[in-house]
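Here the structure of chain W is known, so what remains is to put chain C in place on it, guided by the hints.
Order-wise, the sequence lines are chains W and C.
Numbering (the working numbering) for the first sequence: 36 to 399.
Numbering (the working numbering) for the second sequence: 36 to 399.
What the hints contain is simulated information worked out from the structure, not anything from laboratory work.
Any given hint could turn out to be false.
Given that identical chains are not distinguished, each listed pair holds provided it fits within a single copy or across any two copies.
Pairs of lysine to aspartate or glutamate residues, derived as DMTMM-like cross-links and limited to a Cα-Cα distance of at most 20 angstroms, are as follows [to be verified]:
| id | residue 1 | residue 2 |
| --- | --- | --- |
| 1 | Lys293 | Asp142 |
| 2 | Lys153 | Asp390 |
| 3 | Lys293 | Asp146 |
| 4 | Lys354 | Asp174 |
| 5 | Lys293 | Glu178 |
| 6 | Lys130 | Asp339 |
| 7 | Lys60 | Glu178 |
| 8 | Lys143 | Asp367 |
| 9 | Lys59 | Glu233 |
| 10 | Lys124 | Asp110 |
| 11 | Lys227 | Asp177 |
| 12 | Lys293 | Glu180 |
| 13 | Lys49 | Asp390 |
| 14 | Lys298 | Asp142 |
| 15 | Lys143 | Glu40 |
| 16 | Lys181 | Asp236 |
| 17 | Lys60 | Glu127 |
| 18 | Lys149 | Glu316 |
| 19 | Lys143 | Glu127 |
| 20 | Lys130 | Asp367 |
| 21 | Lys336 | Asp110 |
| 22 | Lys149 | Asp367 |
| 23 | Lys149 | Asp105 |
| 24 | Lys293 | Asp174 |
Protein chains: 2
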Amino acid sequence: MNIIEPTLILDSMKCRQNIRSMVKKALDSGVSFRPHFKTHNSREIGRWFREEGVDKIAVSSVKMAGYFADDGWDDITIAITFNVLQTHKINELLKSGKKINLIIDSDKPLDVLKKGLKYEVSIFVKIDTGYNRTGILSDNIDEIEKVVRSINGAGMRFAGFLTHSGHSYRATSRNEILNIYNDTKRKMDGLKQRFLSEYPDLVISVGDTPTISITPDLRGVDEIRPGNFVFYDLMQLALGSCTIDQIAVILAAPVISKNTLRKEVVVYGGAVHLSKEFISESSGRSNYGEPVILKTDGWGKLSDGSYVSSVSQEHSVIKADDKFFDMVSIGDIVGIIPVHSCLAANLTGSYLTLDGERIVRSIS
Amino acid sequence: MNIIEPTLILDSMKCRQNIRSMVKKALDSGVSFRPHFKTHNSREIGRWFREEGVDKIAVSSVKMAGYFADDGWDDITIAITFNVLQTHKINELLKSGKKINLIIDSDKPLDVLKKGLKYEVSIFVKIDTGYNRTGILSDNIDEIEKVVRSINGAGMRFAGFLTHSGHSYRATSRNEILNIYNDTKRKMDGLKQRFLSEYPDLVISVGDTPTISITPDLRGVDEIRPGNFVFYDLMQLALGSCTIDQIAVILAAPVISKNTLRKEVVVYGGAVHLSKEFISESSGRSNYGEPVILKTDGWGKLSDGSYVSSVSQEHSVIKADDKFFDMVSIGDIVGIIPVHSCLAANLTGSYLTLDGERIVRSIS
Numbered sequence: 036m037n038i039i040e041p042t043l044i045l046d047s048m049k050c051r052q053n054i055r056s057m058v059k060k061a062l063d064s065g066v067s068f069r070p071h072f073k074t075h076n077s078r079e080i081g082r083w084f085r086e087e088g089v090d091k092i093a094v095s096s097v098k099m100a101g102y103f104a105d106d107g108w109d110d111i112t113i114a115i116t117f118n119v120l121q122t123h124k125i126n127e128l129l130k131s132g133k134k135i136n137l138i139i140d141s142d143k144p145l146d147v148l149k150k151g152l153k154y155e156v157s158i159f160v161k162i163d164t165g166y167n168r169t170g171i172l173s174d175n176i177d178e179i180e181k182v183v184r185s186i187n188g189a190g191m192r193f194a195g196f197l198t199h200s201g202h203s204y205r206a207t208s209r210n211e212i213l214n215i216y217n218d219t220k221r222k223m224d225g226l227k228q229r230f231l232s233e234y235p236d237l238v239i240s241v242g243d244t245p246t247i248s249i250t251p252d253l254r255g256v257d258e259i260r261p262g263n264f265v266f267y268d269l270m271q272l273a274l275g276s277c278t279i280d281q282i283a284v285i286l287a288a289p290v291i292s293k294n295t296l297r298k299e300v301v302v303y304g305g306a307v308h309l310s311k312e313f314i315s316e317s318s319g320r321s322n323y324g325e326p327v328i329l330k331t332d333g334w335g336k337l338s339d340g341s342y343v344s345s346v347s348q349e350h351s352v353i354k355a356d357d358k359f360f361d362m363v364s365i366g367d368i369v370g371i372i373p374v375h376s377c378l379a380a381n382l383t384g385s386y387l388t389l390d391g392e393r394i395v396r397s398i399s
Numbered sequence: 036m037n038i039i040e041p042t043l044i045l046d047s048m049k050c051r052q053n054i055r056s057m058v059k060k061a062l063d064s065g066v067s068f069r070p071h072f073k074t075h076n077s078r079e080i081g082r083w084f085r086e087e088g089v090d091k092i093a094v095s096s097v098k099m100a101g102y103f104a105d106d107g108w109d110d111i112t113i114a115i116t117f118n119v120l121q122t123h124k125i126n127e128l129l130k131s132g133k134k135i136n137l138i139i140d141s142d143k144p145l146d147v148l149k150k151g152l153k154y155e156v157s158i159f160v161k162i163d164t165g166y167n168r169t170g171i172l173s174d175n176i177d178e179i180e181k182v183v184r185s186i187n188g189a190g191m192r193f194a195g196f197l198t199h200s201g202h203s204y205r206a207t208s209r210n211e212i213l214n215i216y217n218d219t220k221r222k223m224d225g226l227k228q229r230f231l232s233e234y235p236d237l238v239i240s241v242g243d244t245p246t247i248s249i250t251p252d253l254r255g256v257d258e259i260r261p262g263n264f265v266f267y268d269l270m271q272l273a274l275g276s277c278t279i280d281q282i283a284v285i286l287a288a289p290v291i292s293k294n295t296l297r298k299e300v301v302v303y304g305g306a307v308h309l310s311k312e313f314i315s316e317s318s319g320r321s322n323y324g325e326p327v328i329l330k331t332d333g334w335g336k337l338s339d340g341s342y343v344s345s346v347s348q349e350h351s352v353i354k355a356d357d358k359f360f361d362m363v364s365i366g367d368i369v370g371i372i373p374v375h376s377c378l379a380a381n382l383t384g385s386y387l388t389l390d391g392e393r394i395v396r397s398i399s
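One chain only, chain W, in its complex shape:
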């Protein structure tokens, strides 16, 4: 690898293994697998899923739906409360025969959808199982019922209930994450049982990488939609969703300055490469990433005492332990494991594999 500037490196073996593991887990649990493609946002990586038998996906924007539809994906959930201003864009996808699922959390969008859509679309009702971002609270049965009826009233197909238990990212133990999954399953299954006789095909769909990775058996839901697991990252490692060996992306960053007094190594590679996501650790420190030594065939272990203590637009400051500090010189390339791979990947136009291949991704 001839790297001269900040570059997101992809270990494609690890990435493919993450995909295979999740496919197997879904199969073993008897649940349908609809991976969220927003993390990688790459047609080529999408094909790695297809090779494992995956045939339906979730995306986070209409543009992303079009990007993957054009690469042969026919069953796409646009997994964000639908932005009605893009209704006409959905017609283009439906016209070409794609199965598109939209999400709503009130009956407000239905008028616009009814007027604007020329083809049949399936609608999921977004349920809030505790994350408190969007969705109807799972115990607000009256409102849920009202929206389900309105979907039928507007002549659209009610597909089921969908949730994102994003509060798993705030959990402080593995057990708490298991509890979130079980609580989510219980709430979603309660809704399913209530509406099943009327809508025998309804699907309950859940998805967030921590609960899906940590829960051993996913039985009890119909569909899972994790996304981040394709790469994992430092946040998932801290949550216990993955091991260090499963993390598949890393930022390669040139060392541009060293400060012996403060034992700091400064690299070229900052917020415009990693994002400003950080982990608030119990010690009180903010951790923006962890440095490792890069090798030609991958990367080494975490350096116990070293971490990225701050990032500015193009710089990251690594608080280094003695060993790491002494090992690196100005002009070296070091690796930084990103806190949040979705955001770091979004900031790059392509991935460089360990074999030196460029894998293109779309811009959000």
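Frame of chain W; chain C shown alone:
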């Protein structure tokens, strides 16, 4: 404006006024003006500076230097401690006759530069005046002298001393920012006086938007390099660097969900549009942006009680006061003033002006 998805809006009148004000301030203070172009990273906006008589710039990457060099900029400082792995790329710029200034904070890069450069380059020595990111501490005269001598020894031109007083961003009062400027000026001038007889052309260069915006008279330095002032943002407003009327960019974001119980408005537009930068307010809350009502000719006042309380990849959650909550509906577009315009602008490929014109920017 026919906006249907998250879009960064530019008020070009405000932007041009910010440029004119800074040009005038530099002129009135008798200092040379070398704006940092990393905030806008757009050739078209660069030309607005040229129309005001600006003829030299700072950039934050070799790629950005090439992007602007190709648009006729001939005097460019690459204002980041130089990444020696890109030495050969500098030859391409020098070969075409450009004046390029590089920055070092140790003598380590000089060997590589000496071997790799085929044309004359000017070198600034980076001084740490209190930010503690890169640079030699201003009172470490022995080290500074060693590096200056090494530049000459390597056959390159010593251009002067350069600093970025980024600790101004941590200041909690206007007075503290004024003190940082005066302290920076004193330290830099001390170095100038020490080396002036030997290097009569040496320049002291300072630059950070808070001190440069707030200090009424900039006399006492040779060159200023602010960048963010071209757009300003919520962080600069909080620091007192600008008024609300000077902020020139805003994210237009469609409303996709409302929660009456929590008085929250959720918009499509999140970390991949605004970044995850936030302001830690004295009240303890984290502020990721402030919502305003968008109008065809610009945007309204801040809504006193409303702010963005969290952002995830594509969502922002606005904690709304009653008035703002009642004014907006699903399908409306609201404006969000970004906390950090440099990072928000970096996440977009273009700006949309209030006249509906697309202004392209380069990707970092």
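Within, between, both or neither: how does the pair Lys293, Glu180 come out at a Cα-Cα threshold of 20 angstroms? Classified as between: cross-chain Cα gap 18 angstroms, same-chain 62 angstroms, threshold 20 angstroms.
Cα distance capped at 20 angstroms. Does Lys143 pair with Glu127 within a copy, between copies, both, or neither? Classified as neither: same-chain Cα gap 22 angstroms, cross-chain 57 angstroms, threshold 20 angstroms.
Is it within, between, both, or neither for Lys149 and Glu316, if the alpha carbons may be no more than 20 angstroms apart? Answer is neither; intra-copy 48 angstroms and inter-copy 44 angstroms both fail.
When Cα atoms must be at most 20 angstroms apart, do Lys149 and Asp105 count as within-copy, between-copy, both, or neither? Answer is neither; intra-copy 25 angstroms and inter-copy 50 angstroms both fail.
Intra/inter-copy verdict for Lys60 and Glu127 if alpha-carbon distance must be at most 20 angstroms: neither (34 angstroms within a copy, 52 angstroms between copies)
With 20 angstroms as the alpha-carbon cut-off, assign the pair Lys130 and Asp339 to within, between, both or neither. neither (55 angstroms within a copy, 45 angstroms between copies)
Could you place Lys143 and Asp367 in one of the four classes (within, between, both, neither) given a Cα distance threshold of 20 angstroms? between (56 angstroms within a copy, 12 angstroms between copies)
Is it within a copy, between copies, both, or neither that the alpha carbon of Lys143 lies no farther than 20 angstroms from that of Glu40? between (48 angstroms within a copy, 18 angstroms between copies)
Are the CA atoms of Lys124 and Asp110 at most 20 angstroms apart within a copy, between copies, both, or neither? Within one copy only: 16 angstroms inside a chain, 45 angstroms across chains, cut-off 20 angstroms.
How would you label the pair Lys49, Asp390 (within, between, both, or neither) given a Cα cut-off of 20 angstroms? Cα proximity of Lys49 and Asp390: one copy only (13 angstroms, versus 48 angstroms across).
If the cut is 20 angstroms between Cα atoms, do Lys336 and Asp110 qualify within a copy, between copies, both or neither? neither (40 angstroms within a copy, 43 angstroms between copies)
Treating 20 angstroms as the Cα threshold, decide for Lys293 and Asp146: within, between, both or neither. Only across copies: Lys293 and Asp146 sit 17 angstroms apart there, 60 angstroms inside one copy, limit 20 angstroms.
The structure shown violates the earlier hints numbered 2, 4, 6, 7, 9, 17, 18, 19, 20, 21, 23.
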